[in-house]
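Trainee: Residues per chain, in single letters:
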Amino acid sequence: MDHPIQTDYLRWIVLLPLLGAGINGLLGAILQRQFGKRAISFVACTPVVISFLLSIWAFINLLALDPEKRFLIDSLYTWISLGSLNVTVAFWLDPLSVVMILVITGVGGLIHIYSIGYMQEDEAYWRYFAFLNLFTFAMLLLVTADNLLLMFIGWEGVGFCSYALIGFWYRDHVNTRAGNKAFIVNRVGDVGFLLGIFLIYWSLDKAGHGTVTFREIETFVPLIKDLEIWGIGVVTLATLFLFIGAMGKSAQIPLHVWLPDAMQGPTPVSALIHAATMVTAGVYMIARLNFLYSLAPSTLTVIATVGALTAFLSATIGLVQNDIKRVLAYSTVSQLGYMFLAMGAGAYSAGIFHLVTHAFFKACLFLSAGSVIQAMHHEQDMQKMGGLRWRLPYTHLTYLVAGIALAGIPPFAGFFSKDEILWKSFSHGLIFQWALGFAAAGLTAFYIFRQIFLVFYGSPRADPHTQSLVHESPQIMVLPLLILAFLSLIGGSLGVPEVLGGSNRIEHWFEPVFGSPGGHENAPVAMEILLMALSVGIGLFGITLAYLIYLRKTLVADTFSSLAAGVPYRLLFQKYYVDELYQFTFVRGTLFFSRVGAWIDQYIIDFIVDGSAKTTTFISWVNGLFDNYVVDWIVNKIADSTFGAGDKFRKIQTGNINSYLYVVLGAVVLAIIVKLRYSG
Amino acid sequence: MAIGLTHYLVIGGILFTLGLFIVLTRRNAISILMGVELILNSANINYVAFSHFSSGNVEGQIYAIFVIMLAAAEAAIGLAIVLSIFQIFHTIDVEAAETLKE
Chain G
0 MDHPIQTDYL RWIVLLPLLG AGINGLLGAI LQRQFGKRAI SFVACTPVVI SFLLSIWAFI
60 NLLALDPEKR FLIDSLYTWI SLGSLNVTVA FWLDPLSVVM ILVITGVGGL IHIYSIGYMQ
120 EDEAYWRYFA FLNLFTFAML LLVTADNLLL MFIGWEGVGF CSYALIGFWY RDHVNTRAGN
180 KAFIVNRVGD VGFLLGIFLI YWSLDKAGHG TVTFREIETF VPLIKDLEIW GIGVVTLATL
240 FLFIGAMGKS AQIPLHVWLP DAMQGPTPVS ALIHAATMVT AGVYMIARLN FLYSLAPSTL
300 TVIATVGALT AFLSATIGLV QNDIKRVLAY STVSQLGYMF LAMGAGAYSA GIFHLVTHAF
360 FKACLFLSAG SVIQAMHHEQ DMQKMGGLRW RLPYTHLTYL VAGIALAGIP PFAGFFSKDE
420 ILWKSFSHGL IFQWALGFAA AGLTAFYIFR QIFLVFYGSP RADPHTQSLV HESPQIMVLP
480 LLILAFLSLI GGSLGVPEVL GGSNRIEHWF EPVFGSPGGH ENAPVAMEIL LMALSVGIGL
540 FGITLAYLIY LRKTLVADTF SSLAAGVPYR LLFQKYYVDE LYQFTFVRGT LFFSRVGAWI
600 DQYIIDFIVD GSAKTTTFIS WVNGLFDNYV VDWIVNKIAD STFGAGDKFR KIQTGNINSY
660 LYVVLGAVVL AIIVKLRYSG
Chain V
0 MAIGLTHYLV IGGILFTLGL FIVLTRRNAI SILMGVELIL NSANINYVAF SHFSSGNVEG
60 QIYAIFVIML AAAEAAIGLA IVLSIFQIFH TIDVEAAETL KE
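As they're listed, the protein sequences go chains G and V.
Sequential numbering of the first sequence, starting at 0, is according to numbering that gives the first Met the number 0.
Sequential numbering of the second sequence, starting at 0, is according to numbering that gives the first Met the number 0.
Hints are computed from structural coordinates only; laboratory data are not their basis.
Hints may be right or wrong, so weigh each one.
Looking from chain V toward chain G, a few residues come up when the C-beta cut is under 10 Å (computed) [as the list claims (entries may be wrong)]: (1) A28; (2) I31; (3) H51; (4) A96.
These figures come from a predicted structure and were not determined experimentally.
Don't be surprised by glycine CBs; every beta carbon is placed ideally from N, CA and C.
Throw the hints in and build the complete structure from the sequences for me.
Mentor: If you want it as structure tokens, here you go:
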């Protein structure tokens, strides 16, 4: 293992956004009152832009090194030193994480700039940017961490910021509930992630090399390859647990329910957190631990199947949704499914390639949708849009470019990455998963063009008043849109496959991390070209179908929705009733248990308390008799004085918690003084 | 400057004082709970610091983990009580909840 090169600027890439978050979070309210919103935007955007420039610098530095030595590290300090466990706070850059930080700071920076325009009218402007910066910090920490524990801190950090930003407009209960849902569903995944970390550390410790650092795990993993627990390989079990974590964070079936609800947050948040970066954390984690996953073929099959099912099922849901952002949300879930399909096929570089292009075109789609929503005065129902093409020329252009990229039509970015995934899964022998992904490609093209036709073409369906106020967004919002659309257009050139005369640069770039691809060279070239043509064909078919139904109206959508008494349509519209299922089992179940607890409290605990109270009363009564008839007058005298004292002492019982606490504090201080004085 | 035991104890002391100050002066029940958390964490810092600098074993760390677990349980029960107070008094100001007074 080569020693990586020490640097001292990587920390600033990660910490600068934290600085921005600190300033805006602690002093934002004052800054905004004193210097206006410009100051807030300056404090928030500058660190991200500098981080982006530093990331480019780091990328250039990596490029100058030999491919095999492309590791930079920046160790800050030892965080945990406990027995055999040593955890350092160190940031680590290799060909994989450098691509991630470029995407996070690049796309993130554009979204920060877009937000200046989008959030201009909001009073809590500073709170928004503080959380956005904090998110950027946590996400950068997640991808540059050199060990699992530090990664987990970032993992939880992005989860928290996501929760805080989904519920950003917290005065509306729907939003806070959506935030809670995201947080709680993610907890399910996080348990899996933690168990995975524990299992890896525990088994490595058993083998004599307890560690959570990625590079050391990679070195020592052969030691635990054959270790078994309950008859299952430790590596298989650990990777499955970690995958549960990835399912939660990256919204894979059956833990996908939180992502569509997360659309309650501001639209730039949906673009940054719930499309481009955070939801891809699960994919990144699996790519990071590829040396572990490659040892667990059964886990890989599970991942490929879950990914393909997610890609297909959520694409079908996307067909019938009417909320402009919900369609994009299901599309995101579906595209994340593709990335997991790639991971499961062992095509890590194809998965990360799709992650990058998806970040470009999905962020562009979300931001364009935000521009539409703002132009329509916060109307999100596509049934009430239409004919916006001339009113929103730039938004229309960017939406169209990103939509074609999503639909997978060459030479736009989405084509190259999606096709790479489909080809790799096919040549890897995952025919069933490939078929699902292939069908999903057609559905994708259909739902995105259904959306484009409903929003931008046809006749306007909004009421005349809203229609008259429609206007293109300000320049500060249009500029990021154009840049992202440009990237969606050319992003595919990073990985043009060899059969099309390219050199698949991105795959070679990742070779030091994922190892060189192999095994599929013997697959026939003709087959690859045929599959490519097929998937372009099904994409074009989807677009044509959407055109015929929603624009030419030669085919009527109603005939489809009334098919088989509308059961399939309702099933899709209600999202397969997964939410209802969870409501019925988990939510009702929890409520049932809490009712049982309340019942026990009320009838059993209270019975015991009441019983003891009655016993006490009885004893007092006996006491009273004794007092009254046996030593009546003597006791009366004493009782009188006791009553007098009690009456005075009663004043202390004010019921005021603070005064109780003062008494406790006084007593403790007195006790300490007495102790110090008389104990020697 | 080498960071030694004293530094940790000073941090612990500052946290404890802040926590105590919050508990004694705040009337918002949730703020009081947060103050209690600060006090518990100052105790944790002391545990870990003493354990690290004196004995060399991990007893203090284990106690700290117990405290963290207890703090979680305490927060759950504390928040449940705050919720009940809110349902009865329609405020979480602890001075409103003094029906025990004569």
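Trainee: Should the hint that I31 of chain V touches chain G count as held when the rule is a Cβ pair under 10 Å?
Mentor: holds, 7 Å
Trainee: Under 10 Å, Cβ to Cβ, is where H51 of chain V needs to be relative to chain G, so tell me if that hint holds or is violated.
Mentor: holds, 8 Å
Trainee: Taking 10 Å as the limit, does the beta-carbon of A28 of chain V come near enough to a beta-carbon in chain G?
Mentor: At about 8 Å, which falls below the 10 Å cut-off, the nearest Cβ of chain G leaves the hint on A28 of chain V intact, so it holds.
Trainee: Are A96 of chain V and chain G close enough, Cβ to Cβ, to be under 10 Å, as the hint says?
Mentor: holds, 7 Å
The structure is consistent with each of the numbered hints, conforming to all of them.
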